[in-house]
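Same order as they appear, the protein sequences are chains A and B. When we follow the numbering used here, the leftmost residue of the first sequence carries the number 1, and every step to the right adds one. When we follow the numbering used here, the leftmost residue of the second sequence carries the number 110, and every step to the right adds one.
Just so you know, the hints here were simulated from the structure itself, not pulled from any lab data. Note that the structure is predicted; figures quoted are calculated from it, not measured. A portion of the hints provided could be inaccurate.
[To be verified] The calculated lysine-lysine pairs, modelled on DSSO-like cross-linking and capped at a C-alpha distance of 30 Å, are:
1) A:Lys101 <-> B:Lys118
2) B:Lys118 <-> B:Lys180
3) A:Lys54 <-> B:Lys161
4) B:Lys149 <-> B:Lys118
5) A:Lys101 <-> B:Lys145
6) B:Lys161 <-> B:Lys128
7) A:Lys101 <-> B:Lys149
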Amino acid sequence: GIQVEQSPPDLILQEGANSTLRCNFSDSVNNLQWFHQNPWGQLINLFYIPSGTKQNGRLSATTVATERYSLLYISSSQTTDSGVYFCAAPLSGNTPLVFGKGTRLSVIA
Amino acid sequence: DTAVSQTPKYLVTQMGNDKSIKCEQNLGHDTMYWYKQDSKKFLKIMFSYNNKELIINETVPNRFSPKSPDKAHLNLHINSLELGDSAVYFCASSYTGEVGYTFGSGTRLTVV
């Protein structure tokens, strides 16, 4: 099945800094999603991005499907950005999402 | 509010007991899922149901039995609970093969 690997595993940022999180996947995908799990445990869908670039406020994501990676950019980070960021892709076709191990982000004031 | 709702939010129980977690979605999605998140935050798919039918059962012990009375509900029943079952269990839903899984807020199960 598909392997989804994320880096870095942990990241500490000063408030206002920018960061890039990376997700590598082992197979071609038609569905790639980024999620944020906040410190209270809630999982929020950030982006559905099987290819191309999308932006939502201070967050943007780019997936280069041919090279099997996706990047999540966080600009001008805020303490509320803290939590764990997951990328996920389906095992195959329309099967459920397989999650990477996440990047734990801590933004310090 | 449109959402995926799980109950209970917290569940503390003794080894050997049987417990259930309920999940309901009012988003009109046709596929529902159960995920288990362990203490290291690793999220692993357990079950996937499409229109009340089991699609995926990912090497989960048969002490875990999902039940889907209709496509808006997917409940999880666990028999003979073990210490290793302690985790956060998330329910989610989506349209088949489509974007945007919506997750419930999770049920933290602690087996003592």
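Hints and how they fare:
no.: 1; hint: A:Lys101 <-> B:Lys118; result: holds, 23 Å
no.: 2; hint: B:Lys118 <-> B:Lys180; result: holds, 22 Å
no.: 3; hint: A:Lys54 <-> B:Lys161; result: violated, 34 Å
no.: 4; hint: B:Lys149 <-> B:Lys118; result: holds, 19 Å
no.: 5; hint: A:Lys101 <-> B:Lys145; result: holds, 13 Å
no.: 6; hint: B:Lys161 <-> B:Lys128; result: holds, 21 Å
no.: 7; hint: A:Lys101 <-> B:Lys149; result: holds, 8 Å
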